Amino acid sequence: MSAVIGEHDKHHDHSAHEHDHDHHDHGPAKGWLRWIITTNHKDIGTLYLIFALAMFFVGGVMALIIRAELFQPGLNFVEPQFFNSMTTMHALIMIFGAVMPAFVGLANWQIPLMIGAPDMALPRMNNMSFWMLVAGATLLGSTLFMEGGAPAAGWTLYPPLVLQTGKALPFAIFSVHILGISSIMGAINIIATIFNMRAPGMTLMRMPMFVWTWMITAFLLIAVMPVFAGAVTMLLTDKFFETSFFNAAGGGDPVLYQHIFWFFGHPEVYILILPTFGLASTIIPVFARKPLFGYSSMVYATAAIAFLSFIVWAHHMFTVGMPLAGELYFMYSTMIIAVPTAVKVFNWTATMWKGAMTFETPMLFSICFVVLFTMGGFTGLMMAIAPSDLQYHDTYFIVAHFHYVLVPSVIFMIMAAAYFWLPKWTGNMYNERVGQLHFWLSAISVNILFFPQHFLGLAGMPRRIPDYAVQFTDWNQVSTVGAFIFGISQLLFLYIVIDTIRGGVGKTTSEVWEGAVQYGGGGTVGLEWTLPSPPPYHTFTEQPVVEPIHFDDHEPIHGRA
Amino acid sequence: MAASTEQKNAKLVKVLVLVVIGMFGFGYALVPLYDVLCELTGINGKGDKTAVKESTYQADINRELTIEFLTTINEQTPLRFWAEKKQLKVNPGKYYTVNFYAENKSGKTLTSQAIASFSPGLAANYVEKVECFCFRQQVFQPDETKTMPMRFVIKPDIPQELKTITLSYTFFDNTKKNAQK
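From first to last, the protein sequence lines stand for chains A and B.
Okay, so the first sequence: first residue is 9 according to the numbering used here, each after it adds one.
Okay, so the second sequence: first residue is 108 according to the numbering used here, each after it adds one.
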């Protein structure tokens with residue numbers, strides 16, 4: 009391995025430090041106010057990640073309420089209305105409160121470090137988008153305590169059912185507006201950072217894959233979040249201002265809402281999964297001690313998936329009564345998505361092929377992601393086939409499908425990223441044994457939790473119901489047991505995060521993982537691994553000059569004789 | 108941060124904000140686009156919204172289709188709503204009249220709108236209605252029962268594979284909505 013940041017850069021770094029002393033703060037502001045007024049990308053990244061972790065547990069408790077109710081047939085534990093609120097709020101909180109903020113947090117921490125920028129392009133807007141997220145999520149959570157209960161029509165908020173929501177409807181819609189504005193601001197910030205703040209030499213095709221996938225995700229966000237905002241605004245005016253966008257009696261059409269919603273909703277699905285791909289493409293090469301296989305095909309595959317996401321939306325609506333031509337078009341276009349996605353899966357596998365692999369916790373989560381994401385992808389293909397989707401639609405099969413691509417894929421890769429970078433962020437190593445215990449408990453229980461739901465769905469159990477026919481009892485009980493093991497296992501993660509911040513098992517090096525400098529970047533060294541652990545409060549105040557890294561095919565790979 | 112980067116950021120943010128505003132507008136533009144697309148391709152399955160003039164078709168007495176009538180009321184619309192017949196055997200090209208009845212069960216004046224829907228949706232393109240209660244809002248006096256004839260023809264060029272057509276009407280209560288106008 010060779011350090012590619014040249015000698016003159018070190019000199020620059022040094023003078024930059026002197027420069028710092030004159031014009032900048034040495035470090036964070038003192039006291040709790042630091043966290044309110046901070047514009048530092050590392051602080052804001054931390055805030056986002058802590059917020060996401062808190063929401064992960066809130067949404068998780070809701071999931072356990074759902075699974076507890078479904079442990080036995082009959083109404084045992086909660087009121088049906090409250091149960092429906094739980095399914096709706098669980099989804100909204102996990103998507104808009106946990107997964108998306110977790111990715112924005114990772115982007116805040118990592119993108120400036122990965123492209124050699126001193127901070128995000130728009131630091132004050134960055135602060136504002138975080139605190140708007142808190143406001144929006146609080147408003148959404150507060151609907152639980154309103155007259156008539158929280159929204160209970162499912163996270164898709166289909167009219168006319170959603171218009172029967174009690175006092176909570178305008179508050180829920182307003183919270184969606186605020187959350188949308190927050191994530192649009194985050195996306196604009198990320199695009200500006202990547203376009204204008206890259207270090208000299210960090211060309212687009214040398215960026216780490218995490219940066220690439222986030223850039224494409226940010227474009228998806230600014231393209232579709234406004235459409236969703238428009239759709240919920242139409243719901244609001246239909247309910248309170250006598251418009252008839254979705255009111256059949258006034259000449260509107262409720263199916264129109266489904267079209268507008270899924271025009272947002274399908275790209276939204278990829279907003280959740282694309283940064284996940286970026287994380288896997290960044291983490292797997294480090295632990296395989298090999299450069300990412302097919303870097304440019306990864307970039308093009310990501311762009312292709314993003315493009316396709318705009319033209320497949322009605323595959324969520326096969327049962328709505330589309331004409332045959334529509335069904336066929338959406339069926340074929342959906343199946344095409346499997347091609348770029350398979351390119352990615354093959355590339356990850358090829359990256360590991362003949363690599364000098366080690367199996368620390370981040371790598372375990374990543375490998376588990378590749379396997380279980382592929383499974384979730386295959387059930388997606390099953391449902392892309394319109395005639396068979398008529399059977400699976402709105403059953404537990406679809407629940408199993410999207411949980412396989414969200415929990416052991418998206419959530420597991422966020423976990424992998426946390427294990428991967430936590431030593432870098434804190435300077436302390438986490439406890440590897442507890443980390444592996446967390447992995448194995450999670451990986452086993454997530455399958456106990458979701459795999460039986462495939463059987464339930466194929467047997468015809470509908471989703472979003474608090475009660476079910478007795479023949480579904482056995483698999484529901486297995487699923488509930490899995491849910492509680494999975495939920496309780498996540499407390500280990502909480503323990504590890506706190507323990508690592510407080511010192512973990514000791515100090516770590518700047519590289520943390522053997523091979524991280526060489527294989528942790530895209531077409532350059534992994535820049536963040538050249539910084540000390542933890543990195544100083546201000547990094548890259550003078551931009552480094554980065555050079556392309558040349559992977560020598562003849563050099564014996566690390567760890568292999 | 109160099110001044111040039113700040114300028115570049117400001118310019119880029121302006122463009123991106125315009126994209127956001129544009130996409131918000133696009134969300135609204137989908138509403139008329141949806142109607143136009145459905146009209147052009149005839150895939151909405153709602154059929155005529157205004158009366159078509161009665162014309163003369165060559166009746167095809169060798170072919171017989173079944174048309175079924177569904178009558179539904181939405182949510183809490185206080186009506187009783189039924190059709191004279193549940194189904195009818197028809198020849199393409201011939202005109203038929205079917206009576207629909209609705210009784211106002213509330214002691215109040217009721218304004219109501221019926222919305223038609225065909226299944227399969229494409230059949231809507233081959234049914235012409237000369238007269239229908241769904242063309243305008245119906246006002247019911249307290250406890251009034253109305254007889255509402257619906258006159259239609261099935262066009263002779265209807266595809267051979269269509270053998271049964273379901274025509275569904277749903278009555279929506281528009282009283283409150285109209286009162287506010």
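Simulated from the structure, these hints should not be mistaken for laboratory data.
Keep in mind it's a predicted model, so treat the numbers as computed, not measured.
A portion of the hints provided could be inaccurate.
[What the hints assert, rightly or not] The list that follows gives simulated cross-link-like pairs (lysine to any residue, SDA-like), each with its CA atoms no further than 25 Å apart:
id	chain 1	residue 1	chain 2	residue 2
1	B	K115	A	L171
2	B	K115	A	H185
3	B	K236	B	K283
4	B	K284	A	F227
5	B	K283	A	P208
6	B	K153	A	G156
7	B	K193	B	R258
8	B	K118	A	F227
9	B	K153	A	H185
10	B	K153	A	P208
11	B	K121	A	E555
12	B	K115	A	E335
13	B	K284	A	L169
14	B	K121	A	L171
Against the structure, the hints:
For the hint linking K115 (chain B) to L171 (chain A), the alpha-carbon distance of about 44 Å lies beyond 25 Å, and the restraint is violated. Using a Cα cut-off of 25 Å, the hinted pair K115 (chain B) and H185 (chain A) is violated, with the two alpha carbons roughly 28 Å apart. For the suggested pair K236 (chain B) and K283 (chain B), the alpha carbons sit about 29 Å apart, so the restraint of at most 25 Å is broken. With a CA separation close to 40 Å, the supplied pair K284 (chain B) and F227 (chain A) exceeds the 25 Å bound.
Of the supplied pair hints, the one linking K283 (chain B) and P208 (chain A) is violated, its CA atoms being roughly 65 Å apart against a limit of 25 Å. Of the pairs offered as hints, the one joining K153 (chain B) and G156 (chain A) is violated, with about 34 Å between alpha carbons and a cut-off of 25 Å exceeded. The straight-line distance between the Cα atoms of K193 (chain B) and R258 (chain B) is roughly 15 Å, inside the 25 Å bound, and the hint therefore holds. About 16 Å separates the Cα atoms of K118 (chain B) and F227 (chain A), which keeps this hinted pair within 25 Å; it holds.
Under the criterion of a C-alpha separation no larger than 25 Å, the hint pairing K153 (chain B) with H185 (chain A) is inconsistent with the structure, at around 33 Å. Proximity of K153 (chain B) to P208 (chain A) is assessed by CA-CA distance (about 60 Å); at most 25 Å being required, the pair is judged violated. Distance check on the hinted pair: K121 (chain B) and E555 (chain A) sit about 32 Å apart at the alpha-carbon level, beyond 25 Å; violated. For the hint pairing K115 (chain B) with E335 (chain A), the CA-to-CA distance comes to about 45 Å; that exceeds 25 Å, so the pair is violated.
Only pairs whose Cα atoms come within 25 Å are accepted, and K284 (chain B) paired with L169 (chain A) is accepted, the gap being roughly 18 Å. Taking the CA atoms of K121 (chain B) and L171 (chain A), the gap is near 36 Å; set against the 25 Å cutoff, the hint is violated.
Consistency with the previously given hints fails for numbers 1, 2, 3, 4, 5, 6, 9, 10, 11, 12 and 14, ordered from lowest to highest.
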